[in-house]
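There are 2 protein chains.
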Amino acid sequence: MTAAANVEREQHLLAAAFLSRVAEPASVPLWMFVEEHGYRAAAAAVRAGDVPAEVAACTEARRSAADPEADLSAADRNGIRLLTPADADWPHFAFAALRATGQRRVAQWRVGARARPQRGELIPPLALWVRGNAPLAAVGPRSVAVVGSRAATAYGEHIASEFSYGLAQRDVVVVSGGAYGIDAAAHRGALAAGGCSVLVSAGGLDRPYPSGHRHLYDQTAEQGLLVSERPPGSAPHRQRFLSRNRLIAALGAATLVVEAAHRSGALNSAGYARDLGRPVLAVPGPVTSAMSAGCHRLIQREEEPASLVTSVAEVLSYCGSADLVDGPGGAPLPGGSAPVRRSYDSLDAVARSVLDGFPGRGHSVTEAELSRLSGQPISKVIAALPVLQGAGLITVAREGYRLASVAS
Amino acid sequence: MTAAANVEREQHLLAAAFLSRVAEPASVPLWMFVEEHGYRAAAAAVRAGDVPAEVAACTEARRSAADPEADLSAADRNGIRLLTPADADWPHFAFAALRATGQRRVAQWRVGARARPQRGELIPPLALWVRGNAPLAAVGPRSVAVVGSRAATAYGEHIASEFSYGLAQRDVVVVSGGAYGIDAAAHRGALAAGGCSVLVSAGGLDRPYPSGHRHLYDQTAEQGLLVSERPPGSAPHRQRFLSRNRLIAALGAATLVVEAAHRSGALNSAGYARDLGRPVLAVPGPVTSAMSAGCHRLIQREEEPASLVTSVAEVLSYCGSADLVDGPGGAPLPGGSAPVRRSYDSLDAVARSVLDGFPGRGHSVTEAELSRLSGQPISKVIAALPVLQGAGLITVAREGYRLASVAS
Chain A
1 MTAAANVERE QHLLAAAFLS RVAEPASVPL WMFVEEHGYR AAAAAVRAGD
51 VPAEVAACTE ARRSAADPEA DLSAADRNGI RLLTPADADW PHFAFAALRA
101 TGQRRVAQWR VGARARPQRG ELIPPLALWV RGNAPLAAVG PRSVAVVGSR
151 AATAYGEHIA SEFSYGLAQR DVVVVSGGAY GIDAAAHRGA LAAGGCSVLV
201 SAGGLDRPYP SGHRHLYDQT AEQGLLVSER PPGSAPHRQR FLSRNRLIAA
251 LGAATLVVEA AHRSGALNSA GYARDLGRPV LAVPGPVTSA MSAGCHRLIQ
301 REEEPASLVT SVAEVLSYCG SADLVDGPGG APLPGGSAPV RRSYDSLDAV
351 ARSVLDGFPG RGHSVTEAEL SRLSGQPISK VIAALPVLQG AGLITVAREG
401 YRLASVAS
Chain B
409 MTAAANVERE QHLLAAAFLS RVAEPASVPL WMFVEEHGYR AAAAAVRAGD
459 VPAEVAACTE ARRSAADPEA DLSAADRNGI RLLTPADADW PHFAFAALRA
509 TGQRRVAQWR VGARARPQRG ELIPPLALWV RGNAPLAAVG PRSVAVVGSR
559 AATAYGEHIA SEFSYGLAQR DVVVVSGGAY GIDAAAHRGA LAAGGCSVLV
609 SAGGLDRPYP SGHRHLYDQT AEQGLLVSER PPGSAPHRQR FLSRNRLIAA
659 LGAATLVVEA AHRSGALNSA GYARDLGRPV LAVPGPVTSA MSAGCHRLIQ
709 REEEPASLVT SVAEVLSYCG SADLVDGPGG APLPGGSAPV RRSYDSLDAV
759 ARSVLDGFPG RGHSVTEAEL SRLSGQPISK VIAALPVLQG AGLITVAREG
809 YRLASVAS
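Each protein sequence line maps, in turn, to chains A and B.
For the first sequence, my numbering begins at 1 and goes up steadily by one.
For the second sequence, my numbering begins at 409 and goes up steadily by one.
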């Protein structure tokens with residue numbers, strides 16, 4: 001890297017760190033402002049207070065005190081690095097659906113078809129603080145978000161741990177939060193299998209929450225990855241858990257609800273997954289257990305019911321493609337192998353039609369363009385893309401997707 | 409009743425008792441022969457050996473030894489009576505779907521569209537031996553077949569008992585077999601609530617099977633009803649359990665599977681219910697329990713999946729009509745009240761269309777005619793009829809259904 005490129009990168013990171021500090025996660029006005037002006041110009045304008053009223057409303061309180069140099073130093077001291085969409089390690093694939101959903105909702109608002117999107121919407125993060133050894137880009141179609149109650153039963157913890165162990169054994173990345181109960185059992189299962197898990201935290205990564213989970217955080221960073229939208233030192237506020245849940249849903253190719261009471265936060269994650277067009281899976285349990293009531297309700301939904309799953313093999317059939325179930329591995333992981341290439345014939349009708357919608361090789365397209373080109377609704381396009389990527393037929397480009405180059 | 413009518417009735421009962429003894433249950437050739445010639449002529453021809461080869465094949469072994477007078481005497485000594493379609497107490501309503509399915513399959517065979525129907529088909533019984541105080545005709549749209557494994561877990565027995573208790577409290581008749589496990593728990597729950605249960609046995613009603621269930625048989629006869637297709641003294645052969653299962657499915661407006669392993673006989677009952685167009689409901693359980701694996705498989709079916717149910721209220725919503733859930737009772741039971749009359753507006757589109765298909769008052773129609781008149785497939789017609797009867801809009805006629813007379 002040249003000296004000029006280094007300076008460029010440092011300025012970009014400072015801007016991203018500033019933007020990450022100045023507003024709460026999932027702030028739609030700030031995201032739209034950054035989309036329009038880029039990171040450095042947007043950060044400078046926010047710092048100067050030279051922004052539209054709706055951006056000022058979500059940045060004014062912290063714009064003077066924000067100290068991105070200090071945040072980056074604190075991160076560095078704690079082994080934490082900052083990722084932005086400019087990094088090769090950015091999970092474009094996982095966030096493509098967030099981006100498409102955010103753009104669609106903003107477009108609907110602009111034509112008056114819905115209320116102005118505000119906080120907590122399904123938009124991609126501006127930047128992510130990460131700690132650990134696994135590449136975040138590895139979280140592709142071969143990942144499962146495992147969610148559930150903090151007040152889990154022994155049954156729920158057993159299932160979370162066993163299923164995550166089985167998934168990790170087959171090179172599937174387990175994504176979860178850092179709470180007691182299902183979250184912790186999921187990470188422990190994946191790590192025990194020598195696999196990779198991604199722990200998405202609502203607060204700064206130097207502040208494990210709950211504090212009793214410092215060891216779980218350290219272990220996860222060793223084999224997998226810690227991820228947060230908030231800079232070091234941030235407390236895990238309630239609202240940050242909700243915006244954090246959208247990242248868990250987006251990072252999982254499917255979301256598995258292991259145990260959830262009627263009003264569990266896990267149902268919130270399941271709702272995000274549904275909105276992103278991702279499969280929602282639920283584990284049944286005794287009807288006498290309040291901790292399984294939310295899972296049963298999800299399976300009983302009239303619209304977009306969750307799929308009842310009883311085994312690791314059944315969960316695997318929802319991660320990208322079924323013929324990966326006992327295959328040699330999906331998205332490249334540390335020590336993993338390349339995606340399995342599937343033939344066109346093995347695709348379902350929707351996936352074929354989306355694939356047929358791609359322009360010639362070398363041209364990239366967005367989800368919205370693919371929807372127009374294939375004639376499939378955007379939700380179907382979003383659901384088909386992981387299948388096509390898992391099959392090695394398409395790859396993620398900076399501005400969308402393109403056909404994969406043919407292996408010789 | 410006049411002396412001539414008495415003699416007539418006695419001859420009819422002797423013929424029915426003879427036919428019930430001479431062939432195994434659900435013999436299609438014998439059923440077709442009786443449909444064509446009537447009970448007395450058919451019985452005389454069988455006794456004389458003057459029958460087509462396929463009827464001879466299923467009656468030859470027992471036609472000389474069969475002793476209907478002795479069977480009727482043994483029944484009388486044991487408090488057992490014989491019912492035929494000529495009785496006011498015959499459950500025409502419950503068996504209408506069996507009749508329609510049997511007729512359809514025979515018709516398909518005659519035009520070469522399927523193999524010749526043989527034993528074990530979905531045809532109505534020729535006669536039923538019953539013991540107990542409840543009228544069998546009361547088993548209408550307000551009944552649930554509760555089925556499951558003999559080797560049930562404590563969880564399964566608890567659910568079978570609790571659900572049956574709750575159903576019986578709301579005047580729903582519980583229908584089940586007489587085995588250990590789920591069957592026994594279902595009867596005990598219904599009887600504990602002071603309700604009515606129907607125990608369908610594979611052997612003679614004077615031979616409780618298992619023999620440890622003599623007290624359960626007696627208790628059920630006290631408050632509900634024992635039912636068998638086989639005359640007194642018959643042993644419960646394996647094949648008789650399979651044909652018995654079709655009666656359990658037919659007598660339940662819905663079939664609830666509480667616990668079932670992968671190859672449980674309860675799945676056979678569920679399959680019959682599905683073939684009859686009746687809702688199949690399944691209770692989930694721990695995925696670690698082999699006894700819930702069959703229930704989960706039913707819910708996961710791609711075609712006609714079972715509905716996951718977690719409470720009595722959810723089960724009630726499948727018995728006839730949802731607004732009976734906390735209503736004053738459905739089909740008249742001992743001490744029960746009259747069906748609730750629902751307005752046309754509260755019916756769904758299919759039920760309305762079936763109702764619209766009825767000819768003027770006083771004319772009765774078969775399921776097949778209704779299918780043609782309403783333009784609805786026969787399976788939809790069969791499913792809609794219990795709803796219309798539960799709503800008090802139609803009644804069962806000897807040869808089908810007719811519009812109910814308007815209450816003044």
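Calculated directly from the structure, the hints in this document are not laboratory data.
Note that the coordinates shown come from a computational prediction; the quantities given were computed from them, not determined experimentally.
Note that the Cβ used here is the ideal one computed from N, Cα and C, for glycine as well.
Watch out, some of these pointers could steer you wrong.
Away from chain A, derived, C-beta distances all over 12 angstroms, residues of chain B [stated by the list, open to error]:
id	residue
1	R518
2	P525
3	F571
4	R615
5	P692
6	P694
7	A701
8	R705
Simulated coverage check for chain A against chain B, where a stretch passes if three residues somewhere in it have a Cβ under 8 angstroms from a Cβ of chain B [what the hints assert, rightly or not]:
id	region
9	105-116
10	295-301
Over 10 angstroms on every C-beta distance to chain B, these chain A residues come out as not near it, computed from the model [claimed, not checked]:
id	residue
11	A88
12	R99
13	A192
14	R207
15	D218
16	A221
17	A261
18	F358
19	S405
Check: Taking C-beta pairs only, is A:A221 more than 10 angstroms away from all of chain B?
Finding: Correct as stated: the minimum Cβ-Cβ distance to chain B is 31 angstroms, above 10 angstroms.
Item checked: A:R207 remote from chain B - nearest C-beta pair above 10 angstroms -> 36 angstroms, holds
Checklist line | Interface exclusion of B:A701 relative to chain A, criterion Cβ beyond 12 angstroms | finding: 7 angstroms, violated
Next item on the list: Over 10 angstroms to the closest beta carbon of chain B is the bar; see if A:A88 clears it.
Entry: 40 angstroms, holds
Notebook entry, point to check: Minimum Cβ separation between B:R705 and chain A greater than 12 angstroms?
Noted result: 8 angstroms, violated
Checklist line | Distal placement of B:R518 relative to chain A, Cβ over 12 angstroms | finding: The claim stands: B:R518 keeps its Cβ more than 12 angstroms from every Cβ of chain A (closest is about 38 angstroms).
Check: Does B:F571 really sit off the interface, with its C-beta more than 12 angstroms from all C-beta atoms of chain A?
Finding: B:F571 is in fact no farther than 12 angstroms from some Cβ atom of chain A, at 9 angstroms.
Next item on the list: Could you check that no beta carbon of chain B comes within 10 angstroms of the beta carbon of A:A192?
Entry: 18 angstroms, holds
Note to self: Checking a non-interface call: every C-beta of chain A should be farther than 12 angstroms from the C-beta of B:P692. Is that right?
What the structure shows: The claim is violated: B:P692 sits with its nearest Cβ about 3 angstroms from chain A, within 12 angstroms.
Item checked: Verdict on A:R99 as a residue remote from chain B, using beta-carbon distances over 10 angstroms -> Non-interface label stands for A:R99: nearest chain B Cβ at 33 angstroms, farther than 10 angstroms.
Next item on the list: Check the non-interface label on B:P694: least C-beta distance to chain A beyond 12 angstroms or not.
Entry: 6 angstroms, violated
Next item on the list: Could you check that no beta carbon of chain B comes within 10 angstroms of the beta carbon of A:S405?
Entry: 36 angstroms, holds
Taken one by one, the earlier hints fail for this structure at numbers 3, 5, 6, 7, 8, 9, listed in ascending order.
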